[in-house]
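Undergrad: Sequence:
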Amino acid sequence: TQGGFPTAAEPSVQGHDFLHDHTGNFRGWKRVGDNTIELMAGISRQDFGKTSAGRPQSHADTNFQLARLERPTGPDSSLELRVSRDESMARDFPGPSGPESTTRYWQYDTQGLHTVSWGDGRLQTTYGAAWRYAASASSYLYGATPLQTNRTVRGFLHQSIQVLPTISVMGGLNHETANAGGYHKDFQAAVLWSPTEEHALRLSFSRANTKPQIYHRYADFDANAFVHVFGNRELEASPLTNYETGWRGLFLDRALHLELTGFYTEIQRHLNLEQVPGPANVNLTHKNTNIVILRGLEASLRWRGGRGGSFYSNYTL
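Read in order, the letters of the sequence shown correspond to residues 585 to 901 in our numbering.
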């Protein structure tokens with residue numbers, strides 16, 4: 585509980601910027617023969633005070649449930665099944681002169697994957713499939729069609745190979761299709777080289793796609809008396825390409841740990857909010873028009889000076 589600041593606004597609503605947060609979580613395991621069952625659940629409630637006339641408030645409620653089954657299918661293989669659900673509800677009370685805004689989002693997920701180790705442990709294969717149903721309901725955000733949904737199906741494969749005792753390669757592939765996002769595929773490849781136990785070099789390349797959300801496609805609301813926001817159903821996924829290299833070294837009988845990582849990331853067709861013609865003074869919608877480039881270097885040093893003590897330093901550019 586946070587009471588807020590006593591001078592946050594005019595005297596009539598003094599200190600009305602509180603925060604109340606209630607959270608509960610559960611997690612449990614059960615062994616049934618060779619099977620392992622894991623259960624998780626949680627709930628959270630947050631209340632926010634707002635420093636404006638009429639003492640308005642906002643509420644946010646979230647909950648989730650997950651069940652996971654892991655079953656060995658052989659001496660070097662296992663099967664994992666997972667089902668989950670999560671939900672969030674946001675309610676905003678802007679004050680006596682404004683409408684109440686309520687937005688509910690809920691999602692169901694199922695996933696199954698099979699992992700097999702073969703070739704005397706030098707090769708490991710993981711493959712599987714997943715399905716997702718997502719829905720968003722809001723008479724404020726979506727206008728005349730307050731309920732919007734999206735269904736996603738995907739299949740994936742990951743393979744790692746120990747080519748030599750000091751060299752491993754790995755790759756992953758994901759195919760995905762959604763009725764509100766279309767079809768796309770993602771992939772990743774990496775090489776790990778450890779000439780000695782104290783030194784390791786990593787090179788990786790990946791290509792993924794960031795999908796527009798339901799809000800980006802179907803929004804239809806007045807942000808204020810002068811601005812209207814529209815969704816854009818022609819939006820496409822934003823391709824993300826990433827190159828990364830890293831090195832890790834251990835010195836002074838493993839007491840000194842150095843790590844360097846360099847990366848270059850480029851996002852094409854990134855979402856941008858642009859002005860378009862419409863009934864309001866200002867009309868905005870999302871379009872695939874931006875290009876984002878991220879490049880940088882991360883360096884870290886960890887020194888273990890003795891029993892119970894260590895020093896850590898990090899630098900990111």
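If you are wondering where the hints come from, they were derived from the structure by calculation, not from laboratory data.
Predicted model only: the values in this text are computed from it and were never measured.
Take these hints with a grain of salt, some might be off.
Claimed, not checked - Calculated pairs, SDA-like style, for lysine to any residue (alpha carbon to alpha carbon, straight line, at most 25 Å):
#  : residue 1 : residue 2
1  : Lys614    : Gly696
2  : Lys795    : His841
3  : Lys769    : Asn808
4  : Lys795    : Ser668
5  : Lys769    : Lys634
6  : Lys795    : Val876
7  : Lys614    : Val700
8  : Lys634    : Thr686
9  : Lys795    : Leu844
10 : Lys769    : Thr709
11 : Lys769    : Asn872
12 : Lys871    : Phe895
13 : Lys634    : Thr607
14 : Lys614    : Arg669
15 : Lys795    : Gln852
16 : Lys871    : Ala719
17 : Lys795    : Trp777
18 : Lys614    : Thr686
19 : Lys871    : Ala784
20 : Lys769    : Lys795
21 : Lys795    : Leu697
22 : Lys614    : Asp645
23 : Lys795    : Lys634
24 : Lys795    : Thr736
25 : Lys795    : Val700
26 : Lys614    : Ser672
27 : Lys634    : Asn808
28 : Lys871    : Gly765
29 : Lys795    : His742
30 : Lys769    : Ala821
31 : Lys769    : Pro656
32 : Lys634    : His600
33 : Lys634    : Ser672
34 : Lys769    : Arg879
To be verified - Derived DEER-like restraints, expressed as beta-carbon distance ranges:
#  : residue 1 : residue 2 : range
35 : Arg888    : Ser685    : 47 to 57 Å
36 : Ile751    : Asn867    : 50 to 60 Å
37 : His759    : Gly599    : 48 to 58 Å
38 : His604    : Phe789    : 43 to 53 Å
Idealized CB from N, CA, C, for every residue including glycine.
Undergrad: Does Lys795 pair with His742 here, judged by a C-alpha cut-off of 25 Å?
TA: Holds, at roughly 22 Å.
Undergrad: Indicate whether the distance between the beta carbons of Ile751 and Asn867 respects the range 50 to 60 Å.
TA: Holds, since Ile751 and Asn867 (Cβ atoms, about 56 Å apart) stay within the stated range.
Undergrad: Taken at face value, is the distance from the CA of Thr736 to the CA of Lys795 at most 25 Å?
TA: holds (11 Å)
Undergrad: Quick one, are Lys614 and Ser672 close enough, alpha carbons at most 25 Å?
TA: violated (28 Å)
Undergrad: Verify the proposed pairing of Lys634 with His600, using a straight-line Cα cut of 25 Å.
TA: Status holds; Cα separation ~6 Å.
Undergrad: Lys795 and Trp777 were given as a pair; does the straight-line alpha-carbon distance stay at or below 25 Å?
TA: With a Cα-Cα distance of about 34 Å, the restraint between Lys795 and Trp777 is violated, given a limit of 25 Å.
Undergrad: Please verify whether Lys795 and Leu697 have alpha carbons no more than 25 Å apart.
TA: holds (23 Å)
Undergrad: Is the hinted pair Lys614 and Thr686 satisfied, with a Cα-Cα distance of at most 25 Å?
TA: violated (39 Å)
Undergrad: Check the hint pairing Lys634 with Thr607 against an upper bound of 25 Å on the C-alpha distance.
TA: It holds: about 21 Å lies between the C-alpha atoms, which stays within 25 Å.
Undergrad: Do the alpha carbons of Lys769 and Thr709 lie within 25 Å of each other, as the hint requires?
TA: Holds - the C-alpha atoms of Thr709 and Lys769 are around 19 Å apart, at most 25 Å.
Undergrad: Need the status of pair Lys795, Gln852: alpha-carbon distance at most 25 Å?
TA: holds (12 Å)
Undergrad: Lys871 and Phe895: Cα distance at most 25 Å?
TA: Roughly 47 Å between the alpha carbons, so the hint for Lys871 and Phe895 is violated.
In summary, the structure is inconsistent with hints 2, 3, 5, 9, 12, 17, 18, 19, 22, 23, 25, 26 and 31 from the numbered list given earlier, while agreeing with the others.
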